[in-house]
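The sequence shown lines up with residues 48 to 497 when you count with the working numbering.
In short, the hints are calculated from the structure, not lab data. Predicted model, so just to flag it, every value in this text is computed and none were measured. Check before you lean on any hint, since a few could be wrong.
Unchecked claim - Capping the alpha-carbon separation at 20 Å, the derived lysine to any residue pairs in SDA-like fashion look like this:
1) K107 with L266
2) K143 with D260
3) K107 with L246
4) K107 with S224
5) K143 with G63
6) K143 with R82
7) K107 with H232
8) K107 with D263
9) K107 with Q235
10) K107 with G167
11) K107 with A229
12) K107 with M326
13) K143 with L231
14) K107 with C254
15) K143 with S224
16) K143 with L239
17) K143 with L266
18) K143 with A250
19) K107 with A250
20) K107 with A315
21) K107 with A161
22) K143 with G167
23) K107 with K143
24) K107 with P259
25) K107 with L231
26) K143 with D263
27) K143 with R290
28) K107 with V172
29) K143 with Q267
30) K107 with A171
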Amino acid sequence: METTGTAPAEAAWFAGLANGFRPPHLPPTSRRAFRFHMAYTLLDAVFAGILGIAPVMAVKAMNATDVQLQVPLSMAAAGLFASVITGEAMATRRKKPFVLAPGFAGAISALVMAWMNSAGWFLAVSGVISIFDFGMRPAIPSIVRIIYPPNSRSHVSGVLRQYASVVFLCSTLASASLLAAAPLHVRQVIRLELTCAGLASLAAYLCFLQLPDRGDGSLQEANPIDDPLTRTAWPGLAPFRDRPFRRYMAIFFVFAFANLFHSGVVPAFLARDMGLGYMQVTLLLHIIPNLSAFAFGGYLTAWFDRTSIWRSYSLVTLLWGLDPVLLAAAPSFWPTVIAARIARGPATLGSIVISFFTGVHSFARPGSDTTRYMAAFSCVNGIARLVAPMAAAFMLGYISRRAVLILGGLGVLAASALFYRTDSRNDSSNDSTNDGTNDSMISEGERAGA
């Protein structure tokens, strides 16, 4: 009797555990699309993992200067601003071509990089790939909205990123190991790795090509048109007239600025202030966060589908803010240091899902507005990316790296409190989706309000 009673309980426990590592139940069209979407995501993670160490390649094999290393970062910010243009251009058009064209161009650029010997040009082409990547991003939340049902989009996106985090980690470590194992043949290894990256990216976008133009999601999103009754002279500015979205972007800017203010200091803090070696720094910077993202990311993003955007981002920023604060508060106490990096993993995965996959769904109505809202969001992100690192560089002339970590962490925690406070003001509403089944968490009067 006792054995019989425990068997169903154990089965239920294992089923609940498995739910954090598999997608939700999907209708036939989106289930088939998910397979191709997963293949695209994993291949793209291989590509990103190899491209992620391009600066190391440039330093080791081409003697890149500190100034040259800043080129890809500056160009990435330019890509975020370019997304404002592409977001408006794709608003009333099919979205897949706006992903496929820059995607294939980025893959070809990686193949070109494989044969470059100049550090300047090598890093410049790496920056061009970043522009292609950011320029296509306004299409992503729209495509997710078309393919997947409203109650599963964050969970699906989280599972995709969950497995991508592990593949990205393996790709980065394998690429770095090959470079370290062949110090006398670094150029040849770089050529081989970048060729593999380019081919993986080409294969990824061939998989992306298989995604349907119409899925189990929003029909309005699949057929985007501007409503002549609500169309304005400058439709691209519509997100900035949406008061709740302005509030969302303002709080996001606080988070992004504070995060970018301290994040560049973390590697130097680990290596210099804490005196850690290469393997220890790699463990804390990459291995622990990626493994914790894989372990907890599925559960976290499944919860996103059942709660508000404000509550979701409040938890994500809470986890993210604890990381630098704990690191700076107790750098010599290893349990605290490891706990900080464990928190960083699901925080990173969760913020990617909200920022680039599903966040704007809570504000933009299905159709042409989705990419416009995403373009506005990218613009704010781009401003933070430009301003925060410069502010950090200035402050490091006056305060320690530890102080920068504390200030950045407190700023992120302040954003968490602001997200939670806004949710508390709107807790009688339901903003899990805005696909025409409800009016999101704000009234039409507030949406249009000054």
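Comparing the hints with the structure gives:
1. Of the supplied pair hints, the one linking K107 and L266 is violated, its CA atoms being roughly 51 Å apart against a limit of 20 Å.
2. Taking the CA atoms of K143 and D260, the gap is about 8 Å. The hint holds against a cut of 20 Å.
3. The suggested pairing of K107 with L246 is violated, with an alpha-carbon distance near 24 Å, which exceeds 20 Å.
4. Of the pairs offered as hints, the one joining K107 and S224 holds, with about 14 Å between alpha carbons and a cut-off of 20 Å not exceeded.
5. With a CA separation close to 35 Å, the supplied pair K143 and G63 exceeds the 20 Å bound.
6. Distance check on the hinted pair: K143 and R82 sit about 17 Å apart at the alpha-carbon level, within 20 Å; holds.
7. A distance of roughly 11 Å separates the Cα atoms of K107 and H232; the hinted pair therefore holds under the 20 Å criterion.
8. For the given pair, K107 sits about 48 Å from D263 by alpha-carbon distance, which is inconsistent with the 20 Å threshold.
9. This hinted pair checks out: K107 and Q235 have alpha carbons roughly 13 Å apart, not beyond 20 Å.
10. At most 20 Å may separate the alpha-carbon atoms for a hinted pair to count; K107 and G167 meet this at roughly 14 Å.
11. With a CA separation close to 12 Å, the supplied pair K107 and A229 stays within the 20 Å bound.
12. A threshold of 20 Å between alpha carbons decides the hint, and for K107 with M326 the separation of about 18 Å falls inside it, so the pair holds.
13. At roughly 43 Å between alpha-carbon atoms, K143 and L231 are farther apart than 20 Å, so this suggested pair is violated.
14. Distance hint between K107 and C254 is unfulfilled; the C-alpha atoms sit about 34 Å from each other, more than 20 Å.
15. With a C-alpha separation of about 36 Å, the suggested pair K143 and S224 falls outside the 20 Å cut-off, and the hint is violated.
16. Straight-line distance between C-alpha atoms of K143 and L239 comes to about 30 Å, which puts the hinted pair past the 20 Å bound.
17. The hinted pair formed by K143 and L266 meets the criterion: a straight-line CA distance of about 15 Å does not exceed 20 Å.
18. Straight-line distance between C-alpha atoms of K143 and A250 comes to about 16 Å, which keeps the hinted pair within the 20 Å bound.
19. Only pairs whose Cα atoms come within 20 Å are accepted, and K107 paired with A250 is rejected, the gap being roughly 29 Å.
20. A distance of roughly 19 Å separates the Cα atoms of K107 and A315; the hinted pair therefore holds under the 20 Å criterion.
21. Distance restraint check for K107 and A161: the Cα-Cα separation of roughly 15 Å lies within the 20 Å cut-off, and the hinted pair is therefore satisfied.
22. Among the hinted pairs, K143 with G167 is inconsistent with the structure: their alpha-carbon atoms are about 32 Å apart, more than 20 Å.
23. With a C-alpha separation of about 38 Å, the suggested pairing of K107 with K143 is violated against the 20 Å cut-off.
24. Using a Cα cut-off of 20 Å, the hinted pair K107 and P259 is violated, with the two alpha carbons roughly 43 Å apart.
25. A hinted pair counts as satisfied when its Cα atoms are at most 20 Å apart, and K107 with L231 qualifies at roughly 11 Å.
26. With a C-alpha separation of about 16 Å, the suggested pairing of K143 with D263 holds against the 20 Å cut-off.
27. Restraint check for K143 and R290: the C-alpha separation of about 30 Å exceeds 20 Å, so the hint is violated.
28. Note on K107 and V172: the hinted pairing holds, with a Cα-Cα distance of about 17 Å set against a maximum of 20 Å.
29. A C-alpha spacing of about 16 Å is found between K143 and Q267, which places the hinted pair at or below 20 Å, so the restraint holds.
30. For the hint linking K107 to A171, the alpha-carbon distance of about 17 Å falls within 20 Å, and the restraint holds.
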